[in-house]
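What follows is each chain in one-letter form.
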Amino acid sequence: SQTIHQWPATLVQPVGSPLSLECTVEGTSNPNLYWYRQAAGRGLQLLFYSVGIGQISSEVPQNLSASRPQDRQFILSSKKLLLSDSGFYLCACPEKSGTQEKLFFGSGTQLSVL
Amino acid sequence: RKEVEQDPGPFNVPEGATVAFNCTYSNSASQSFFWYRQDCRKEPKLLMSVYSSGNEDGRFTAQLNRASQYISLLIRDSKLSDSATYLCVVNGRSQGNLIFGKGTKLSVKP
Numbered sequence: 001s002q003t004i005h006q007w008p009a010t011l012v013q014p015v016g017s018p019l020s021l022e023c024t025v026e027g028t029s030n031p032n033l034y035w036y037r038q039a040a041g042r043g044l045q046l047l048f049y050s051v052g053i054g055q056i057s058s059e060v061p062q063n064l065s066a067s068r069p070q071d072r073q074f075i076l077s078s079k080k081l082l083l084s085d086s087g088f089y090l091c092a093c094p095e096k097s098g099t100q101e102k103l104f105f106g107s108g109t110q111l112s113v114l
Numbered sequence: 001r002k003e004v005e006q007d008p009g010p011f012n013v014p015e016g017a018t019v020a021f022n023c024t025y026s027n028s029a030s031q032s033f034f035w036y037r038q039d040c041r042k043e044p045k046l047l048m049s050v051y052s053s054g055n056e057d058g059r060f061t062a063q064l065n066r067a068s069q070y071i072s073l074l075i076r077d078s079k080l081s082d083s084a085t086y087l088c089v090v091n092g093r094s095q096g097n098l099i100f101g102k103g104t105k106l107s108v109k110p
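Just so you know, the sequences run in chain order R and U.
Just so we're aligned, residue 1 is where the first sequence starts under this note's numbering, counting upward by one.
Just so we're aligned, residue 1 is where the second sequence starts under this note's numbering, counting upward by one.
Just so you know, the hints here were simulated from the structure itself, not pulled from any lab data.
Incorrect hints may appear among the rest.
Said to hold, decoys possible - With a cut-off of at most 20 Å between alpha-carbon atoms, the simulated SDA-like pairs for lysine to any residue come out as follows: (1) R:Lys102 x U:Lys79; (2) R:Lys96 x U:Lys102; (3) U:Lys42 x R:Thr28; (4) R:Lys102 x U:Ser30; (5) U:Lys42 x R:Gly41; (6) U:Lys42 x R:Phe88; (7) U:Lys42 x R:Glu22; (8) R:Lys79 x R:Lys96; (9) U:Lys45 x R:Thr28.
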């Protein structure tokens, strides 16, 4: 099974500063990768998913962007953070079992924009 | 109707109690259903899949009612360590998209 690495675990950034969150995956090749955000009092929201290098799909219009420079690397970025970007960011990778595709998460990054 | 709806709780129960959570979903074409557990400030972790015939894993029982579009999770003999938020998850309309409920918070007291 795969292992998902995310860093940093926590991050405090001022409004207007840039952001780069990295996710790497081990134990699988050519995985689909996802970025989710969990804001306070809200459910997990899918931000981006990628089916391969350079292939990014965005689920919601937003202040963020994503890139997939390598097969096992998925990066979430922003040029200028907003207060509303605060939240718990989770990278995820599916694992298929029979007919079901289950999602496994990295340990997440708690981002506070002040 | 929201895509996935759960009672946010909190459910405060004593050790040893039986507690049940329900979840409703709006997409009648959904085929995959899960319960995830999330501890405070941690990532969600898969608790169990939910199958049409219902399934059990130790003290946990999950059931699916397609006609009414709801799934349930029953926890028997609650332990202190069961305290967490339980997320109902259903596959969505677009590729690879799992829709997460906001979660039901469970607090098991001694």
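Check: What are the numbers of the hints that this structure violates, sorted from low to high?
Finding: 1, 2, 3 and 8
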